[in-house]
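Visitor: Starting from the known structure of chain A, arrange chain B on it as the hints suggest.
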Amino acid sequence: MIGLFTSPIWPLHWLTLPVFLPVFSAVLLILLHRRSIRLQRIVSGSSVALLLAVVVALLVSGAGNQHLVYPMGDWPAPFGIVWVYDRLAGLMLLLTAGLAAISFIYTVATDEDHRGPHFHALFQAQLFGLNGAFLTGDVFNLFVFFEVLLLASYGLMLHGGGARRSRAGLHYMVINLIGSTLFLFAVGALYGVLGTLNIADLAQKLGQAPVQDYGIIAAASLLLFVVFAIKAAAFPLYLWLPATYAETSAPVAALFAIMTKVGLYAMLRVHGTLFDAHTAPAAFVNLIGPWQIWLGILTLVMATLGVLAAQNLRRQVAYLILASVGTLMIALGMRTEAALSATLYYWIHTTVLSAGFFLLADMIRRGRTNGDDWAPAPPITRMVLLGSLFFVYALAMAGLPPLTGFVGKILILSAAVDQPLRTPIFATILITSLLAVIALARSGNRLFYRVDQPTTGVPLAAGPNRLGWIAVMSPIFVAVLMVIAANPLSSWLDQTSAQINATPDYIHAVLNPPTMNAGVLAFPAHPEHAATPTGAHQ
Amino acid sequence: MSLLFALLIGMLTATGIFLTLRAQTFPVVLGLTLLSYAVNLFLFGMGRLASNAAAVLGAQTRYADPLPQALVLTAIVIAFAMTAFVIVLALKTRAELGNDHVDGTADDAPEDDSAR
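First to last, the sequence lines map onto chains A and B. So in my numbering, the last spot in the first sequence is 587, and the numbers never skip. So in my numbering, the last spot in the second sequence is 1194, and the numbers never skip.
Pulled out of the complex, with its shape left as it was, chain B reads as follows:
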């Protein structure tokens, strides 16, 4: 299970990094979202993965660490708010600059030879 979990986090992070390096705002937003998924899983995993462990302290000698769950909850809320904000900002720049390039340069501008 640990291997699968680690591979999943790695995949999400790699995809997220790839997408944040793209030149259009929409892939960048998607990349940021994937990165935040990856980090939420990572935080969760830092409480050590266990199956059949009690959720409540003292009910059993083996119990799930509650703190990472609280951290993940906080991180999810914050990431959610930030994603909402960045989408609105991306739409605003799209409207104001007339294109969705992260630098606001049009697609046929000479310096724009980066990934489409």
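In isolation and in its complexed conformation, chain A is listed as follows:
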């Protein structure tokens, strides 16, 4: 056993843990579903804690500084399925595990898991699908993991029941089933033309494809883009999101903050690798970027109108998630290294904070007689603390200093200065930020200042206990840390985006993997790797 830790190949096998740990505990939890909720919580909670530990260890060990390729069953790519771990995948795994921890704590604090026997099994299945989607290097395997995470998310979203939840769930499910069908059409067309489904191999075969096949390849790739845009909730395919996120329970909505990012991650991974300027034919290099920028701008505008028009706080937060998707799409569309690094900073910020904001909205809803609607209500208990938390979250989400939203937007805008589309980008981001400030100020005003005299009203639900406060406050600590450590963090993200842009390295690592024979040192250094710094904090 000791050898597992000291041998140079240990990260390679540990790489499977983020995927296998949740699926094992999901199966175990299904077997335990008649046992007490306490036992289920212990199993599920220790799984989440272990997952967090493994993911942090993988990231800190610097395992992702080179592309770490795990061939399933030792079948070499492109014949078998490979999992690829790099800095980006490591970051996504960390975000998922962190959100899972926050969401789990809030679930326990509010007894949300008491309302049905399978909450924790579904929760773990959701983590299984998410982690698999972040690690896989194969397009069809990505489809399978998408289906896993979607099926779990349908169950989680509907958990607890209720007519409004069911209706939103039906819409969510139907649009995603159509998305799955489109995904299969795109995958089939790519396979029919290029004869492979491994992402790295696809990128390589694309360079050798005959010109008359370009039309089919472009159509298939744009179809894939549509699928990922449904997942990411980009204009005009976002209409399912506000109802879904606003109607589901708070811890589930908090976990779903990573779901839109799965779509963006898939765009970055698949389209970024396939249409990289180093390897792809010139006809493809600018196939996706302009679409991303313009659709991002439209998403941002529509989302901000939604933020202004929302009838309750949870729906407003859902529209804020949508606005962040728009901003991220714009930044991804620029495709420069600086923009990518800024994107990742904003990405971490918005995922963590919008999850926390959903939990806070739920706390406010629980304390008021009429939920989180705008109509005046008797004062909430612990009004000052809740109001201050709302103020901090609103500052961060709207992008005002001193918190992370401001830093992220500054980074994105400064990356956009030399873009050809800088005028619409600047105008949209700045004006929508102003509108978001106005909308959030109005909501704070309605929720905390327009107060009825204490009358006979009874709060909607019991407030959460101390654990709930920990869950709501921890995203703020993350945000504060991200501001204090902004310099080392952004230099780490710079190296990450350089790694993402080094597509030839990715292709080389996947298609010429080191052998996995036990005991043999597994990583011959790639000549280009040897020249570049590999440490995390140089």
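Some, not all, of what chain B presents toward chain A, calculated at C-beta under 10 angstroms:
id: 1; residue: G1094
id: 2; residue: I1095
id: 3; residue: V1117
id: 4; residue: T1152
Just so you know, these hints were derived from the structure itself, not from any lab. Nothing here was measured: the structure is a model prediction, and the numbers come from that model. Built from N, CA and C at the ideal position, the CB exists for glycine as well.
Guide: Just chain B now, with coordinates in the frame of chain A:
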């Protein structure tokens, strides 16, 4: 054979799209099913249609591509599970909302002027 195959996929897809755009949940479920049939045939066709080709690699120079068959198998299993789930969900919304309109509005609601 290719033409017939392509026409079949096109028919299934067109019918599926038409049905998913209907306002009641049952036609929508049927439409999703037809779409998944269409995509399964499409995946199968991407291995190139051939008759009298060997199923096993190396037994003959002409052989059927096994990968699309594996993909179709996976896709069938997933589509089957999803269809089962969406039927249960449709029944649940029918029970909870009292009608089978996809938006849960009653048939005589003013905004409901869409296809019956």
